[in-house]
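As they're listed, the protein sequences go chains D, W, A and G.
Residue 292 in this note's numbering sits at position 292 of the first sequence, and the numbers go up by one each step.
Add 1000 to a position in the second sequence, counting from 1, and you land on the number used in this note's numbering.
Add 2000 to a position in the third sequence, counting from 1, and you land on the number used in this note's numbering.
Add 3000 to a position in the fourth sequence, counting from 1, and you land on the number used in this note's numbering.
Hint data in this document are derived by calculation from the structure and do not stem from the laboratory.
Watch out, some of these pointers could steer you wrong.
Each computed DSS-like pair below joins lysine-lysine, with the alpha-carbon atoms no more than 25 Å apart [as the list claims (entries may be wrong)]:
1. D:238 x A:2215
2. A:2215 x A:2250
3. A:2238 x D:250
Just a few of them, taken from the derived set where beta-carbon distance is under 10 Å, the chain G residues facing chain W [stated by the list, open to error]:
4. 3213
5. 3216
6. 3247
7. 3255
8. 3269
Heads up, the beta-carbon is just placed ideally off N, CA and C, and yes, glycines get one too.
4 protein chains.
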Amino acid sequence: MEIGFIGIGAMGECMVRNLLKAGHQVSVFNRTRARAELLAADGAHIANSIEGAASNPVVITMLANDESTAATVFESGFLAALPAGGVHVCMATISAELAARLAENHHAAGQAYVSAPVFGRPPAAAAAQLFIAAAGKADALTRCQPLFDAMGQRTFHLGESPEAANVVKIAGNFMIASLIETFGEACALTRNYGIEAAQFLDVMTNSIFPAPIYKIYGGLIADERFQPPGFTLRLGLKDIRLALAAADDKEIALPLASLIRDNYLKAITRGDEALDWAALALVAQEDAGLARRS
Amino acid sequence: MEIGFIGIGAMGECMVRNLLKAGHQVSVFNRTRARAELLAADGAHIANSIEGAASNPVVITMLANDESTAATVFESGFLAALPAGGVHVCMATISAELAARLAENHHAAGQAYVSAPVFGRPPAAAAAQLFIAAAGKADALTRCQPLFDAMGQRTFHLGESPEAANVVKIAGNFMIASLIETFGEACALTRNYGIEAAQFLDVMTNSIFPAPIYKIYGGLIADERFQPPGFTLRLGLKDIRLALAAADDKEIALPLASLIRDNYLKAITRGDEALDWAALALVAQEDAGLARRS
Amino acid sequence: MEIGFIGIGAMGECMVRNLLKAGHQVSVFNRTRARAELLAADGAHIANSIEGAASNPVVITMLANDESTAATVFESGFLAALPAGGVHVCMATISAELAARLAENHHAAGQAYVSAPVFGRPPAAAAAQLFIAAAGKADALTRCQPLFDAMGQRTFHLGESPEAANVVKIAGNFMIASLIETFGEACALTRNYGIEAAQFLDVMTNSIFPAPIYKIYGGLIADERFQPPGFTLRLGLKDIRLALAAADDKEIALPLASLIRDNYLKAITRGDEALDWAALALVAQEDAGLARRS
Amino acid sequence: MEIGFIGIGAMGECMVRNLLKAGHQVSVFNRTRARAELLAADGAHIANSIEGAASNPVVITMLANDESTAATVFESGFLAALPAGGVHVCMATISAELAARLAENHHAAGQAYVSAPVFGRPPAAAAAQLFIAAAGKADALTRCQPLFDAMGQRTFHLGESPEAANVVKIAGNFMIASLIETFGEACALTRNYGIEAAQFLDVMTNSIFPAPIYKIYGGLIADERFQPPGFTLRLGLKDIRLALAAADDKEIALPLASLIRDNYLKAITRGDEALDWAALALVAQEDAGLARRS
């Protein structure tokens, strides 16, 4: 399939390679051109402009946030360049509100819009092991499925309303952030009773929480191994804000998400924005009198 | 080994059976004698009094809470009946404070005290698959190990200070309660965007949270299957109070535990104390305008 | 002085009457023209357009929120109509962010911008007893002072940065919302011990809290007199969101403001958005099992 | 009237002087005898034991907390020494639970019990300007009224159930603590926008919050004048714990009280227990990146 791909970060780079491996022709664009050119050797075509990449029947965007996605689609010729009947697949973690706005504008232009955010870090992206939460018109999802198959291990279809997929992704990240906060507070308690975080983690992950995600995040916290970040604390704050914004649009309260947001802000005030988002656990531990390792 | 066992609830019954199967001689006592007598056919000796059960070299207590444990040990002749050099093993979920007090009193009487709370529900107890968090003097732990092996799949040694084991157990239950609150809020959000709880659970447990504990509690919440309770909401409140009490003794804050405690209290005000503790999830969902199933 | 006044709500109407009484010539505009015409008998000139009212040396806006203020200034010819050297005085409760944006745009157009939000309800506005928190360039404030003197009992100068005045206003409303939440929780407690809210209020306001604001809000809560609203719960939610947005712009946490925001959202879910914002107190009381009066 | 008075702290000393001035005969006891002897010159009789002071028809206790009050009454001969028909008036801030227990025991001994906690600091006690919240049997209250008149400016009668008076006192202290937390967060916000705390306080107390209590606590916070403490942060923590305990006994949630409790604990972890309880405001401000004055 001929596709465009805009946004060649750590995730995008891996995803494009898997699309190329599966035999698709990919025209890539990245604001910092050098990152796009990394993919030329793998067979990617390097587009000179957003319009160039967007003039394909299916175009994937994988940009950092709402601002860059909106700027790309609404202010850089993307909307005009995408052919009638074309599909824009946004795989980044964006707000439910922007997803709804993208859907509206693409439909008005005779195009389709699919939200397909992913669960997984760069190693999973490299191994084509992402989980993809996809929502949009059924025929558009059908057209995209071969692409999803090339990048992920499983696709979940979440109906015709694109923002539903974004909200599922946002809720998933809220669940991880909550796990981090929980482990941070649990360790604040047990460490005050003489149990090291690593020992507590050992008990938990070998008994009632034998899940990789507990081992991964628990390990980061127990070792205070927050650099290099797999996903920065600032991005964690971005995502919990997305959860609260999605809740606010429906005028519902998420008290635990509020607590986590407030603790992320405290972590940022302490200067930890560039650490892994698991460093949220330091807030509870420091508030409980436990110094971080130097 | 000759042992006493006091407290024949749903858990205690299974635990005694496994001790008998492993060849130990068990003298059981239960306030409601009929429950103890259930075990006679399996070979248990039915003691007529707490003193009777307590006059063994190792005595296990598995009572409902701090009050019943303290009443049994301090006000019913247990302390005097336990032989010098005997070991009291408390396997119930009690407070760190009571554990410390038990240790002190037993040591003063020339006896040993071991805290050995368990992770697992009655089916796990029946299958001798409990996880045991044990702490106390090394030689006492060594003497108890054959008993732990008969009841559980793995024992974690947490040092010489008995209350450390209680705090680990309490922290583990806090982590489960947090998982319930988190899933309740996440569903409050996604359901407001048209995603059923079961569908959200399917995505989560087949992607980033492929852990039995998410399937179990997520399933209870998605189906609103809160009766019969595996562990009541009132007991959930008891345990989160233990977490806050343990933190308060060290004068540290656990803001998420405070939030959960408050939501358990709201659930009790709504009349849900006899439901499964997973019904905590209803608070977030009802506050978000989602009616419970009739 | 010749002035324009845009936004003739319950507050604006009183404020214009006091400006007219003080001898100023006021050209008024309101989207619903009939409300503006109420002031013709008092000597106001009724402008036919936003531009008409805005073409005065000093123009006051007193609109409902950020959206209406931004639409008026940026999308309706206001900016072009205001003369060079003219002053726009925004006396509504708007966000710090919008205030900064207004200042920037007016300065670019060779105009001045003053934020001058007020404390006081319509009766205080009618009696020219408002408190005015004003910030902006010193000469612009000096020019406005006679107008402030006509409408209020005291003006506080808060420096050259207009958004400082908005943040003070927002923080003041946060303090009132907190007082409401506090009284709601205190009554939830005392009522559960057999003390009626009116009795508790009597003790408090005749001992350590002998302040009108406690009598006013305490009285509304004790009597559950939430209709007609002096200030709606929806507006209360709007203002606590402004506090959190102002904090978020500086990336700081306000945990109590988060708690209040969440409780306002719960109140809205319960259908109370049109009640007085003091009805926030019902959330704590209902969560504590105390039914509202029918 | 012949009375006993046990507990000669900063408050008790002033209260006894006013009782003596009003012509009452007062037998005083204090654990540290030297403090009691300070009152000999004013005409007080110095008792040699708790029993000595307690063998009067009316006995007032003004001890530090639940522990010292319970030890005095239940473990030091007080109950036996108080004559049949005698009245024990506890004027300290104790828990609702202890008040109920005292009432029960005194009634069983044919004695009366009155809870009469006070609002006011030592200067108010010295000037006989305390506010007294009193509850107990009507005839006992009537007997005590001349004493209350000698010590306070006004007595509020809160019914026959003594613990109601304690809960009103506890709720009042919760309201002050909430005012402190609120002002702390409001200043965290406004200071981040360039408004000094003193300036913000000036606006608030000269507009919508013209109450002495705002001036007093706002002034302490604006000046960061936390030493010497009028009431220590540790006592503030004690009192918010009493509020949560009273709520817990009725199984109701007070989320704002939970938040304040957690912040008091964080303040204690930071080493501020001996500062004035207004130093709670430092938690919000430091979490928002604002350093305390050296």
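Do the hints match the structure? See the list:
1. Annotation: proposed proximity of residue 238 (chain D) to residue 2215 (chain A) is violated, straight-line Cα distance about 42 Å (limit 25 Å).
2. The straight-line distance between the Cα atoms of residue 2215 (chain A) and residue 2250 (chain A) is roughly 34 Å, outside the 25 Å bound, and the hint therefore fails.
3. Taking the CA atoms of residue 2238 (chain A) and residue 250 (chain D), the gap is near 14 Å; set against the 25 Å cutoff, the hint holds.
4. The interface hint given for residue 3213 (chain G) is violated, since its Cβ lies 26 Å from the closest Cβ of chain W, which is over the 10 Å cut-off.
5. Given hint, residue 3216 (chain G) at the interface with chain W, is violated; its Cβ is 27 Å from that chain's nearest Cβ, farther than 10 Å.
6. Interface restraint check for residue 3247 (chain G): the shortest CB-CB distance to chain W comes to about 8 Å, inside 10 Å, so the restraint holds.
7. A distance limit of 10 Å between C-beta atoms decides the matter here; for residue 3255 (chain G) the minimum to chain W is near 5 Å, and the interface restraint holds.
8. With 10 Å as the threshold, the beta carbon of residue 3269 (chain G) comes within range of chain W, its nearest partner Cβ sitting at about 6 Å, so the hint holds.
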